[in-house]
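Colleague: For reference, the chains in residue letters:
Number of protein chains: 2
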Amino acid sequence: MINVVILGTGNVAKHLLDVFMTHDGIKVVQVYGRNQKALSVFGKFVPITSDISKIIPADIYIMAVSDDAIVEIASRLDLKEGLLVHTSGSIPMKSLPKKNRRGIFYPLQTFTVGRTVDFKEIPICIEAEDDTDYDILKQLASIISNKVVGMDSKQRKSLHLAAVMANNFTNHMYFLSNEFCEQKGVPFDLLHPLIKETAHKIQDLAPYDAQTGPARRNDKGTLKKHLAQLKNKNHKELYRLLSKSIRKTYGKKL
Amino acid sequence: MINVVILGTGNVAKHLLDVFMTHDGIKVVQVYGRNQKALSVFGKFVPITSDISKIIPADIYIMAVSDDAIVEIASRLDLKEGLLVHTSGSIPMKSLPKKNRRGIFYPLQTFTVGRTVDFKEIPICIEAEDDTDYDILKQLASIISNKVVGMDSKQRKSLHLAAVMANNFTNHMYFLSNEFCEQKGVPFDLLHPLIKETAHKIQDLAPYDAQTGPARRNDKGTLKKHLAQLKNKNHKELYRLLSKSIRKTYGKKL
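Protein sequences, first through last, are from chains A and B. All residue numbers for the first sequence refer to our numbering, where the first residue is 298 and numbers rise by one. All residue numbers for the second sequence refer to our numbering, where the first residue is 298 and numbers rise by one.
Please keep in mind that the hints were generated in silico from the structure rather than gathered at the bench. Just so we're clear, the structure is a prediction, and the values are computed from it rather than from any experiment. Each residue gets a CB set at the ideal place from its N, CA and C atoms; glycine is no exception. Please note that a few of the clues may not be correct.
As the list claims (entries may be wrong) - Here are some chain A residues pointing at chain B (derived, C-beta under 8 Å):
(1) L374
(2) S455
(3) V461
(4) T467
(5) F472
(6) L473
(7) S474
(8) G510
(9) P511
(10) A512
(11) N531
(12) I543
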């Protein structure tokens with residue numbers, strides 16, 4: 298049995314509690330949080346505290362707080378034992394206080410209130426300063442996920458930036474498409490199956506090979522007609538730059 | 298029974314033949330194509346011809362050819378009867394010859410060789426010059442899809458541009474993310490579950506509300522660090538512009 302304390306009451310904390318509670322090999326012995334209202338939701342399932350000095354002994358302390366808060370909260374912790382990890386993609390392990398056994402437990406996924414995700418599929422990137430701690434993290438991660446990956450802080454930082462491109466920027470494309478549909482009075486939800494298929498396609502096919510559309514074909518007629526259709530300055534600028542980037546990508550091989 | 302002739306031997310033609318063959322109410326009586334090699338694949342299942350003067354009578358002639366070829370092939374057709382439609386998002390119905398009964402049969406999806414798609418979920422946008430022809434198209438489309446939508450050429454053109462943003466540009470984001478992963482030596486496939494979840498999320502949540510990440514939070518520290526990590530000039534420029542676009546989107550409400 299691995300005893301865990303979760304620090305934080307946000308989305309990641311909530312999803313971790315949910316998945317930990319479904320597995321016999323893990324026991325969440327306490328949740329710490331500063332936000333009383335958010336914390337009270339956790340109190341329905343496990344012991345809680347908002348007093349950092351009352352944190353109880355555990356094998357692993359998982360900080361699921363915002364990037365900005367990691368260093369400050371970690372510095373106020375007074376752990377007698379156990380392994381301290383955080384769940385951030387971009388903060389180095391060495392940002393945690395040196396006096397602690399330190400590690401990383403980074404689930405690579407976007408978590409939304411009210412949406413359940415299948416943890417078995419989510420890659421968990423782990424890092425630790427020594428082998429014993431690495432093994433403990435691996436044991437914990439393997440209980441909830443089939444995809445556990447050892448990774449140093451530098452690689453994790455790169456992966457996090459790649460995730461921003463693949464998730465945040467992609468979602469912004471959905472938004473721009475949605476905004477354009479609203480302006481033109483066509484229902485955006487007609488695009489849902491296309492959006493799903495675009496994402497599923499690259500599970501088998503490299504994005505380089507999956508690319509289609511007028512920019513890939515360098516179909517200047519359509520590119521020009523599309524630009525003429527776009528009245529919004531921001532849409533126009535992004536359409537131009539993204540088409541240019543696609544043309545450059547495939548132009549190399551022309 | 299609706300008798301159909303398919304004109305074209307590409308991806309869309311192949312996917313249409315596949316789905317038409319699984320339904321009793323539709324009979325593909327012939328496939329016409331200029332590319333003998335591609336055409337021969339169709340010949341395993343249905344009658345074929347590469348001679349445009351030998352096209353046989355049918356209720357509906359579906360042109361599944363590239364946008365550039367539509368006008369030229371349509372002008373060479375000599376149909377005694379039946380309804381002529383094309384499957385393009387961006388070509389107006391009126392581009393088809395006036396002497397024919399004309400219409401549109403536009404399945405809004407990206408089709409890839411070897412990937413089966415669930416047609417039941419694919420929106421089919423239809424248009425016709427008169428009500429009887431509209432009803433025939435509606436009947437055909439409803440056999441294969443649960444989502445049949447009447448739409449004029451102007452709306453369809455808008456939807457097609459929205460699809461370019463939501464599909465082509467999104468796939469390019471995947472590509473850039475993949476390219477960056479390769480440069481940094483981290484496995485891109487770790488991002489697959491994130492990419493799937495990002496696409497699935499907006500089936501329930503508007504993209505505006507689904508947006509996360511440093512640009513949405515206007516987290517200047519992270520944005521600066523990310524820009525410093527990007528060495529590729531193209532990555533840098535796109536990162537900057539997309540982050541700016543996201544900041545502007547949410548800045549409105551700050």
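Colleague: Quick one: which hint numbers does this structure break? Sort them smallest to largest.
Modeller: 1
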